[in-house]
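Line by line, the protein sequences are chains V and P.
Using my numbering, read the first sequence as starting at 1073 and increasing by one per residue.
Using my numbering, read the second sequence as starting at 1073 and increasing by one per residue.
Take the hints with a grain of salt, since some may be wrong.
Since the list gives no way to pick out one identical chain from another, each pair is judged satisfied if it fits inside one copy or across any two copies.
As the list claims (entries may be wrong) - With a straight-line Cα cutoff of 20 Å, these simulated EDC-like cross-link-like pairs (lysine to aspartate or glutamate) come out:
#, residue 1, residue 2
1, Lys1113, Glu1232
2, Lys1123, Asp1204
3, Lys1113, Glu1200
4, Lys1194, Asp1132
5, Lys1123, Glu1189
6, Lys1194, Asp1140
7, Lys1194, Asp1147
8, Lys1123, Glu1245
9, Lys1123, Glu1186
10, Lys1113, Glu1090
11, Lys1123, Asp1140
12, Lys1194, Asp1122
13, Lys1113, Asp1236
14, Lys1194, Glu1107
If you are wondering where the hints come from, they were derived from the structure by calculation, not from laboratory data.
Fair warning: this is a prediction, and the values are worked out from it, not measured in the lab.
2 protein chains.
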Amino acid sequence: MGRWEPNARERLVLAAVELFGEQGYDSTTVAQIAERAGLTKATFFRHFRDKREVLFAGQDVHSRLLADGVAAAPDAATPMAAVAAALDALTASFTPAQREFGPALRAVIAANSELRERAAFKRAGLVEALADALRRRNVPDPAAGLAAEVGVHAFYRAFESWTDPANARPFGELAREALGELHAAVTTLH
Amino acid sequence: MGRWEPNARERLVLAAVELFGEQGYDSTTVAQIAERAGLTKATFFRHFRDKREVLFAGQDVHSRLLADGVAAAPDAATPMAAVAAALDALTASFTPAQREFGPALRAVIAANSELRERAAFKRAGLVEALADALRRRNVPDPAAGLAAEVGVHAFYRAFESWTDPANARPFGELAREALGELHAAVTTLH
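My request is simple: use the sequences and hints to build the entire structure.
Here it is as structure tokens:
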């Protein structure tokens, strides 16, 4: 208790996704998650408010990285170039473990309406973080909001490809490709 | 009980928004909402599963109208023309009462994280309904998803303008204008 627990956060996420998959989200307790991770309930609550938030641990990190990536783009960057820089900034945050448990995480969320709502809220939060960062670069509305939606859309497409067991390509490459496809699709809308 | 209650649905929505605004969402009960509306709890539960769903009553109607609007667009319509037809199809569903209580409804949702999550889920549901309708017209992905996001973005912008007390213009006109602005913004992204 109180001592440093190596990778506690990631161990708790993995344990939660495993248990939710095995016995269902509603039937799983924080005590069981902590036990499966080889940690105490107190350690769990130092990292997460409740069992639901374990599944959305990435939201703050991703929001911050997206905003930092936009802020660090060159002054002359177009809105889409700034969004591409934001997606690049995410790359470093993804671990091999996340890649492996991606399909199980998606299945757990898809099976529970409360989790699907929370997932939609996460996505909306990422769009808002990215749009705010673009507004700070003086991208006006509605272009800032639109570019943010395109960027987050690319993020989710890339994340889904990246966590597909049949796919071995790096996240950054998939994100660039997804953004390029969306950008090309824009011109087909008329 | 069991008899026809004129406008029961709208009366319940209005009563709920009033009470949530006056005394908070958490402190308000279904019994209080029914009483304020001059109806019984049994009538409430014939229309809504719980007090939360009262605030998202429009989701099914809007999803259906968006999909029907896309389906009814001429065969030769571009994706954006089909989206414009979908927004037109929504117009008839909005009542003067909705226009009036729009700001109060937004304030109630903004004050409660559970309601903000539910609202994000509603928006995601509308995007999905519109994207599915576009796919049925053989609009490929990611263009279908992107056009749906642009369309729902225009819907929310238009709805916010329409429920602004300073604004007296009709919804259909505001929706067309919002869609035009978003479409123009697309070309500024690069």
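Status of each hint after checking the structure:
When the C-alpha separation of Lys1113 and Glu1232 is checked against a cutoff of 20 Å, the pair qualifies neither within a copy, at 31 Å, nor between copies, at 44 Å. Taking CA atoms no more than 20 Å apart as the test, Lys1123 paired with Asp1204 passes in neither setting, with 29 Å inside one copy and 33 Å between copies. Taking the shortest alpha-carbon separations for Lys1113 and Glu1200, neither the intra-copy value of 33 Å nor the inter-copy value of 38 Å comes in at or below 20 Å. Taking the shortest Cα distances, Lys1194 and Asp1132 sit within 20 Å of each other inside one copy (9 Å), while across copies they are farther apart (22 Å).
In the homo-oligomer, the alpha carbons of Lys1123 and Glu1189 lie at most 20 Å apart both inside one protomer (15 Å) and across protomers (17 Å), since each shortest distance falls under that limit. For the identical chains of this complex, Lys1194 and Asp1140 are intra-copy neighbours only, at 18 Å inside a copy versus 29 Å across copies, given an alpha-carbon limit of 20 Å. With identical chains, the CA atoms of Lys1194 and Asp1147 are never at most 20 Å apart, being 29 Å at best within one copy and 36 Å at best between copies. In the homo-oligomer, the alpha carbons of Lys1123 and Glu1245 never lie at most 20 Å apart, since the shortest distance is 33 Å inside one protomer and 46 Å across protomers.
For the homomeric pair Lys1123 and Glu1186, the shortest alpha-carbon distances inside one copy (12 Å) and between copies (16 Å) are both at most 20 Å. In this assembly of identical chains, Lys1113 and Glu1090 lie within 20 Å of each other by CA distance solely inside one copy; the values are 17 Å within and 41 Å between copies. For a Cα distance limit of 20 Å, the shortest separation of Lys1123 from Asp1140 qualifies neither inside one copy, at 28 Å, nor across copies, at 40 Å. Proximity of Lys1194 and Asp1122 under a CA criterion of 20 Å is satisfied intra-copy only: 16 Å inside one chain copy versus 24 Å between copies.
Taking CA atoms no more than 20 Å apart as the test, Lys1113 paired with Asp1236 passes in neither setting, with 32 Å inside one copy and 48 Å between copies. Taking CA atoms no more than 20 Å apart as the test, Lys1194 paired with Glu1107 passes in neither setting, with 27 Å inside one copy and 36 Å between copies.
In this structure, the hints that do not hold are numbers 1, 2, 3, 7, 8, 11, 13, 14, in rising order.
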